[in-house]
Amino acid sequence: MSRQSLTKAHAKISELTWEPTFATPATRFGTDYTFEKAPKKDPLKQIMRSYFPMEEEKDNRVYGAMDGAIRGNMFRQVQQRWMEWQKLFLSIIPFPEISAARAMPMAIDAVPNPEIHNGLAVQMIDEVRHSTIQMNLKKLYMNNYIDPAGFDMSSKAFANNYAGTIGRQFGEGFITGDAITAANIYLTVVAETAFTNTLFVAMPDEAAANGDYLLPTVFHSVQSDESRHISNGYSILLMALADERNRPLLERDMRYAWWNNHCVVDAAIGTFIEYGTKDRRKDRESYAEMWQRWIYDDYYRSYLLPLEKYGLTIPHDLVEESWNRITNKFYVHEVARFFATGWPVNYWRIDAMTDTDFEWFEEKYPGWYSRFGKWWENYNRLAYPGRNKPIAFEDVGYTYPHRCWTCMVPCLIHEDMVTDKVDDQWRTYCSETCHWTDAVAFRSEYEGKATPNMGRLTGFREWETLHHEKDLADIISDLGYVRDDGKTLIPQPHLDLDDPKKMWTLDDVRGIQFASPNITLNAMSDKEREAHLAEYAANGTHAVA
Amino acid sequence: MADITNQKERSFPKIEFTDSEAGALTFPSSKSRSYNYFEPAKKRATMYEDVTVDVQPDPDRYLTQGWIYGFGDGPGGYPEEWTTAKSSNWHAFRDPNEEWEQSIYRNNTAVVRQVELCLKNAKRARVYESWNRPWLKFIERNVGAWMHVENGLALHVFASIQRSGPVNQINTAVAVNSAHKMRFAQDLALFNLDLSEADVPFEGSAHREVWHEAPEWQPTREVVEQLTAVGDWCELLFATNIVFEQLVGSLFRSELVMQVAARNSDYITPTIVGTGEHDYDRDLGYTRALFQMLTQDEEHGEANKELFGTWLAKWVPRCEKATHTLQPIWSQAADKPVTFADSKQSANAKFVSVLEDLGLDIPKELDQ
Chain A
1 MSRQSLTKAH AKISELTWEP TFATPATRFG TDYTFEKAPK KDPLKQIMRS
51 YFPMEEEKDN RVYGAMDGAI RGNMFRQVQQ RWMEWQKLFL SIIPFPEISA
101 ARAMPMAIDA VPNPEIHNGL AVQMIDEVRH STIQMNLKKL YMNNYIDPAG
151 FDMSSKAFAN NYAGTIGRQF GEGFITGDAI TAANIYLTVV AETAFTNTLF
201 VAMPDEAAAN GDYLLPTVFH SVQSDESRHI SNGYSILLMA LADERNRPLL
251 ERDMRYAWWN NHCVVDAAIG TFIEYGTKDR RKDRESYAEM WQRWIYDDYY
301 RSYLLPLEKY GLTIPHDLVE ESWNRITNKF YVHEVARFFA TGWPVNYWRI
351 DAMTDTDFEW FEEKYPGWYS RFGKWWENYN RLAYPGRNKP IAFEDVGYTY
401 PHRCWTCMVP CLIHEDMVTD KVDDQWRTYC SETCHWTDAV AFRSEYEGKA
451 TPNMGRLTGF REWETLHHEK DLADIISDLG YVRDDGKTLI PQPHLDLDDP
501 KKMWTLDDVR GIQFASPNIT LNAMSDKERE AHLAEYAANG THAVA
Chain B
1 MADITNQKER SFPKIEFTDS EAGALTFPSS KSRSYNYFEP AKKRATMYED
51 VTVDVQPDPD RYLTQGWIYG FGDGPGGYPE EWTTAKSSNW HAFRDPNEEW
101 EQSIYRNNTA VVRQVELCLK NAKRARVYES WNRPWLKFIE RNVGAWMHVE
151 NGLALHVFAS IQRSGPVNQI NTAVAVNSAH KMRFAQDLAL FNLDLSEADV
201 PFEGSAHREV WHEAPEWQPT REVVEQLTAV GDWCELLFAT NIVFEQLVGS
251 LFRSELVMQV AARNSDYITP TIVGTGEHDY DRDLGYTRAL FQMLTQDEEH
301 GEANKELFGT WLAKWVPRCE KATHTLQPIW SQAADKPVTF ADSKQSANAK
351 FVSVLEDLGL DIPKELDQ
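Protein chains in written order, with the numbering used here: chain A, 1 to 545; chain B, 1 to 368.
Don't read these hints as lab results, they were simulated from the structure. Hints should not be assumed to be uniformly reliable.
[Stated by the list, open to error] In silico SDA-like links for lysine to any residue, alpha-carbon gap of 20 Å or less:
1) B:Lys-314 with A:Ala-23
2) B:Lys-14 with A:Glu-359
3) A:Lys-278 with B:Arg-10
4) A:Lys-502 with B:Thr-26
5) B:Lys-14 with A:Arg-76
6) B:Lys-14 with A:Asn-73
7) A:Lys-278 with B:Lys-14
8) A:Lys-470 with B:Tyr-62
9) B:Lys-321 with A:Ala-23
For reference, chain B alone in the conformation it holds in the complex (with noise of 0.2 Å):
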């Protein structure tokens, strides 16, 4: 039995009763119980809004001293030469997915949970064995390959814009983003690990030398290299999330994996590059909204439709070229439901829609 005769006095602080609660007093501002310093974009603040405005200090706004550190060769902050593109607001934009830390966790918890259910489905009921070969080798070469995209944009595309925008809101949302992306490519060589693992032929190793030399893949790493170069943090969002994700992300995700893995015994597949798709989805949405918010600015809106023509005239042909390229990989399932023609109708169909809803010409250069 322990000794009791001998313990040391605790020590604690008093529990006092203040009543310290909201509305035990009345007296001047006893009920402003909102943040009064931003404007809501309806009648009251978001949580979103709440957590995510002015967060990120403006010199236009209220930071009287400015910014207190700058760099070497230029001011520090978040200046908005850092772009090209311009807003008489950037303040007003919001993100229509209202991202913040529970929207997060919760949104791609959910996303772990399902592919975590289906890997651990597909384990037990040996799924991959009755995949036919070419079937395997498609996943093991082109799905392999892809994970390379969805991760070089994560770490070197979307990381680095959200350092870049000159407010909260398109930081958080680009920053969101690249979670997705992150995940997105983690869940796809995660599932090439299972396969390497299956007792089917599969080398799990294949997608770095694809990646590296296949010809195929070879347009669509200089175009992924090619946006790691952009220093303008506007464009760089652009050329990924309007064009790139449209011509060549779509495309191969939607367009092809999501059409032939179900005719080659396949349901894990698409269960997986599914929630890839469901995240862009997410955030076209507010990279639609933003550049909405560009074109459709009273003051800059013709200049930025003018800019983002440029973009367009940049990156279309790049992008053309890596979809072009991989053209080859639609023959190489044994069951061929779509052909690569039909796939990139529906992607040029769906991309000249985003050009439409931000009001910009459709490129020349693309096949209609």
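In isolation and in its complexed conformation, chain A is listed as follows (with noise of 0.2 Å):
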């Protein structure tokens, strides 16, 4: 179709809408944004009529691409290392694309531009899209990769398991709360516009490299729809910007959103891509340099930093801030080392690293040895049972952390930590800024004006407060993380599979307590917990300035 022709016909389509007379459409999902002096902006012009055949060609190309996969053997050549961790991946991904897609009617019922219905519709199927080829690529991976264990109950674990649930927020911060908030700046302006990047782009290349072309086949497919939900969210940002009522609502939201988006999205996919690959070509990116490249200049500097003009606040500090603990406190290091000392209650296998890897990362992030390297040397050492116990009840010089209660990813940067009574409990977070997430963020007023739309921090947010004082044993197997012989466990700190010996069992790991953090914490005398702060702060990882 020729772009006069879309032309006329986008408008003849925009013919179709109309101001109710008769009845008030029902506010399912409010804001505290108003629209009221919002000049009408129009997105990306997309009718059906090219729409559904677009996508049906990309189909079948995906499509062909799995049936050559199988038929060209590639599972003989995919590195176990990468494909355990998709094991994770894929369990999370399917849940905040068809968020997506529940949270488009947030987005129209908030939104009093009939222009941008449409696009809100088709990304809407757009999202289903995503998350269907998605779990059908997992299901492929189930089929034909040498261990399906944790790949087959795989939407059971994404909602039992602590990793899963810090995923979880991208996808349930889409559709809950201020439909503003959680439709357009947390999961269009930045998840989408910035963060895709990362998982959509930069981490199928690892996968490529690692002998998965199928992964690339599949994310690229979906990033391509990503433009037009980029332009989407771009367009209703920019109608509240024309408001300067919504002025402090946007700078809450866009730390929020940043923040939070930073803290998720690079705990994963960063560890992922430096933990999950065997190729270390000293000219292959690191996961900073393609953050510098995809998040900070390609969004950040291309994307946000021209909205300034428009009056939108931008979190300046705390971009600076991310990248600092990306290089300087070395977070997805922390996070990934926090991943595997919890190998025993994940639904995946993580491979030890060794001296090839541990050049690499000295190379990429000079002193990492000296913060990483005897940790995963005792990784390596305690990786078979019979004479120890998992790593994460050994003596290794590690402190199981806490947890960040805004997050959910634990306070590893351990002088960051920031702990406050909120609401009669006491709460441990990862960052300033999550402490203000959950104190004055996420409340029914923010800087003295009513927020009642505002969305809450519920659920039980610690993941082991669940199994406080239980063995560990019963929680594996509470869990459902155990193979079909019934007591081998899925997850297993080395990828041996050729040897019994060296898999670990329930009995192997029976009579090992587990406790919460936060509960103990909150049992503590004031002179104890300061005390205990105190030493934990002091104990952790310290930046480099």
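Mind assembling these two chains? They're in different frames, but the hints should get you there.
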């Protein structure tokens, strides 16, 4: 269809909307934003007549590649180190995708611009596509990869696992609370416009380097829909900016959304890329280098900064602090070490790091070995059952961390942890911004203005609370992370499948007590707590200036 | 000729044969190659089930930490309390159409190709020039008004519902329903554009005035707007797909347009409107399956039937008013092969059949 025809078609389709006069549409999902003074912004034009054939063609290419991968025995050359992390990633990502579909009516209801409603409804269908195409990719992995355990219980494990819950913010955050905060700022302006670059572009590159060309096939196809979504988000953002009353809310939401995306996405994708790869070429980009290219340059400098002239208060300090955490504070490496520490309650296996890996890490992140090298050597030493407990329960100089009440990634940069009594409970936060998110932003009032539509942090936010003082074997059994012989664990701290004696079983972890740091903290006297927190801050990693 | 003496050394990852394919080793769970967290409806899970079931988690199943975000005035996620209808197991629902990514694009692309070919042939054969003026006027006014209905239901009824259902299977089926409606509304609008550009007396923008002001269409607009005001997602789905679509939608599309167009030299409109009827047939399929599940629920079936009875009592009169007010348009075509009474009788019979499938009483308001 020519551009002129498309413009005419779009104009005709826009005649289909009308202002209701007989009844007021139900307000299912409210917003504290106002669009009374907002000029109507026209998003990218898309009509269904061209949309469906375009997507069908994209699908045909994806499914052709899948057939080719099977015929070409792709799984003879995939790296298990890589595929194991896909058990976590692909258990999480279909939920954010389907949540994005569910978020669209919230934006449709909140934004009085019929021009944009079509674009949002098309995005809804895109997101159904993304969720189901990713579920199908996972099914293909389950059917063709050597170790299906973990893929086979994927959606259950996602729902009952600590890492699944961290990832779930990247989904629940799209569909809950203030409609604009959730469906526009958090989902579209930050998650889709910034962080899908590392999710759907940087990570597939790494998959290909590890023998898996299906992940790039699927995720590049997914990413090709994102430009329309970014256009939807941008249009709504400009409309919101047009009314000065929205400015404080925009500032609040940009801070929350940026920081939460950084905490969650950089934790996960950074780990998958840095610790899931076997490709240790020195000229291969590190996650930090990818982040600089895709997030800092492409998003922050090219997309966000120009919005400053329209009145958007940009969280420069948080962008810089994210970079500081990724480079100087070793955020991704701390997260990877935490995942590996918690291996018995995962539903995937984690490979040990080797001398080749050490050398690469030291090259890319100077100082890495002195912080993490010995620990990974211990991980390797304690990889098999019989003579020792899992590494989390051996003395290797590592303190099991407190969990951040807001982002639910543990407080791994110890000296940055904030502790406060909020809602009559002592809570720990990984950073000042996560403390602010809970104590200030997600409340019914913000800077003196009522914000009744803002969301609330709910649920059992510390995963360990559910398993306090239980036996580790019972926890794993209850979670269902046991293989079909009824005793061998799905998770293993190595990739050796050829020797049953190297595989941990429930018997190997029985008799180990699990404790919740938050319950323990709340049981302390003031004096005990102060001493504990001082010690916690002192024994963590310290930023290199 | 290019200089090949100073090329930078290329860097690429090494291929390594890892023998990581299924069956390479035997160990616990090495043959566990199906999703094991849900019960398939039949012996083996379908592709649709594999990519749909449990993608939306539930605190009543595996979501042990619960929903981690809430609304300012209530819980987040997908609370069952967002409808007054009750099920002892919402997760048992399966969409008989088994809609997922590939089916959505295959089916809708097939429709797009059919409609495009039809419209291209119409232009080439200059068929619009042979249409009589009353029929052109009929299309201009009535099919023009109807496209608003389809678009309104797409964006403000079905798109809205798919945020609220307690399980993914329901929400995805409704999202596809929304896409059907949006595509169909746009097809009608682009058909309107073709007619506007043809060398025939056709006012392409007349539909707006008709939709906003023509007396025969106002009760229909009123019902559509009333639908968008419903907060209970299950009532909204019932009122739209069981009541409105049967009594008003099918009456207009199947029992009027599809019956009278050919007699007025028009083989184009039925082709396009027929795709809308085909969509509705599929969408009624999932709707019927859902409400059958609810009326046959051992624990809540009787209470649901009573509830749906109150919904019928509320929505049937509104839709009846809309249909009866539309009666004059049956007289607007030059050739009138069906009467309003014939059409209404046929639509009512189908509606009664759907209600009987659901085990619901036939409302007394309905013309017998």
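How the hints compare with the structure:
1. Between Lys-314 (chain B) and Ala-23 (chain A) the alpha-carbon distance is near 15 Å, which keeps this suggested pair within the 20 Å criterion.
2. Between Lys-14 (chain B) and Glu-359 (chain A), the direct Cα distance comes to roughly 18 Å. Compliance with the 20 Å bound is thereby established for this hinted pair.
3. Restraint check for Lys-278 (chain A) and Arg-10 (chain B): satisfied, since their Cα atoms lie roughly 18 Å apart, inside the 20 Å limit.
4. This hinted pair checks out: Lys-502 (chain A) and Thr-26 (chain B) have alpha carbons roughly 14 Å apart, not beyond 20 Å.
5. With a C-alpha separation of about 14 Å, the suggested pair Lys-14 (chain B) and Arg-76 (chain A) falls inside the 20 Å cut-off, and the hint holds.
6. Proposed proximity of Lys-14 (chain B) and Asn-73 (chain A) is supported: the alpha carbons are some 17 Å apart, at most 20 Å.
7. About 9 Å separates the Cα atoms of Lys-278 (chain A) and Lys-14 (chain B), which keeps this hinted pair within 20 Å; it holds.
8. For the suggested pair Lys-470 (chain A) and Tyr-62 (chain B), the alpha carbons sit about 19 Å apart, so the restraint of at most 20 Å is met.
9. With a C-alpha separation of about 16 Å, the suggested pair Lys-321 (chain B) and Ala-23 (chain A) falls inside the 20 Å cut-off, and the hint holds.
In summary, this structure violates none of the numbered hints.
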